[in-house]
Amino acid sequence: QQPVQSPQAVILREGEDAVINCSSSKALYSVHWYRQKHGEAPVFLMILLKGGEQKGHEKISASFNEKKQQSSLYLTASQLSYSGTYFCGTVVVSSNTGKLIFGQGTTLQVKP
Amino acid sequence: DGGITQSPKYLFRKEGQNVTLSCEQNLNHDAMYWYRQDPGQGLRLIYYSQIVNDFQKGDIAEGYSVSREKKESFPLTVTSAQKNPTAFYLCASSGTAGVGGELFFGEGSRLTVL
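Here the protein sequences line up with chains V and Y, keeping their order.
Be aware that the first sequence starts at 618, since it is given in our numbering, and climbs by one per residue.
Be aware that the second sequence starts at 3, since it is given in our numbering, and climbs by one per residue.
It cannot be assumed that every hint is accurate.
Claimed, not checked - With a cut-off of at most 27 Å between alpha-carbon atoms, the simulated DSS-like pairs for lysine-lysine come out as follows:
| # | chain 1 | residue 1 | chain 2 | residue 2 |
| --- | --- | --- | --- | --- |
| 1 | V | K643 | V | K684 |
| 2 | Y | K72 | V | K654 |
| 3 | V | K643 | Y | K59 |
| 4 | Y | K85 | Y | K16 |
| 5 | V | K667 | Y | K59 |
| 6 | V | K667 | V | K685 |
| 7 | V | K667 | V | K643 |
| 8 | Y | K73 | Y | K59 |
Stated by the list, open to error - These stretches of chain V come out as covered by chain Y in the derived footprint (C-beta under 8 Å, 3 or more residues):
| # | stretch |
| --- | --- |
| 9 | 633–642 |
| 10 | 715–725 |
Read the hints as simulated data drawn from the structure, not as lab findings.
Fair warning: this is a prediction, and the values are worked out from it, not measured in the lab.
Quick reminder that beta carbons are idealized off the backbone N, C-alpha and C, glycines included.
Work the whole structure out from these sequences, hints included.
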C-alpha cells in the first residue's frame, strides 16, 4: 500500500532543478506532498486532487497523473532552504474511512 | 495560537513498561492520526480517528493502543507488547474528512527504550 518514491536521495547546487516521483499500485484519490527538515515536524506543501492539481508554492509545483497512478514534485531554481526530506502521501479508502499513507521519503540536499 | 501539542518531547522507558504519549489540538479538527518514524522508512500509520469515540488501526497497530474520548485529545499508549518501540512518534490532525485536506503535525515525541 505504501507509495514508492524515487529517487531516494538527491544532491543539488543552488539554482538547479529537481524532480521527485511518487507512484502507487492502487488508484489515487489525492496526493499530498510534505517537507520535513531534520529534527522537525513535516510541513504541508500541497495537495493534488483527482481530476486536477493545485500549486502550493511559487517555485515548487506538482503534477498528478491518475491513469499512471503517479505524482511528481518539481523544484525549480532550488534554494538552500529547500533541503530536507520530501514525502508524498496517498489516500487509501477502506470501510468508508480514509487514511493517508506516506512513501519512504526523498532526501534533498542543496549545496551553495 | 492554534496547533498541536505533543508531550513529552523526549521519553526514556525501561523494557516491559507501558508509556503514554499525549497529543492535544485546539484546531477543532475532527480527524487525528499517529505516525511512527524510523530512519529510512518514512512515516508509518499506527492509528487514526475521524470522530470522537471511534478509531481505526493503521498499518502497524500491534503493540499500541489509543483512545478518543474528547475531540481535542488523542493519546497513544506504547505497550510492553511492542517489540521495538524506540522511534520518533508524530501526531497529526486534519479538518477535512477522508484526509482531503492538509495534515497539521505536532513537534513529535522521541521514545527511547533502555
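The hints, checked one at a time:
no.	hint	verdict
1	V:K643 with V:K684	holds (11 Å)
2	Y:K72 with V:K654	violated (31 Å)
3	V:K643 with Y:K59	holds (19 Å)
4	Y:K85 with Y:K16	holds (12 Å)
5	V:K667 with Y:K59	holds (25 Å)
6	V:K667 with V:K685	holds (12 Å)
7	V:K667 with V:K643	holds (13 Å)
8	Y:K73 with Y:K59	holds (18 Å)
9	633–642	violated (count 0)
10	715–725	holds (count 8)
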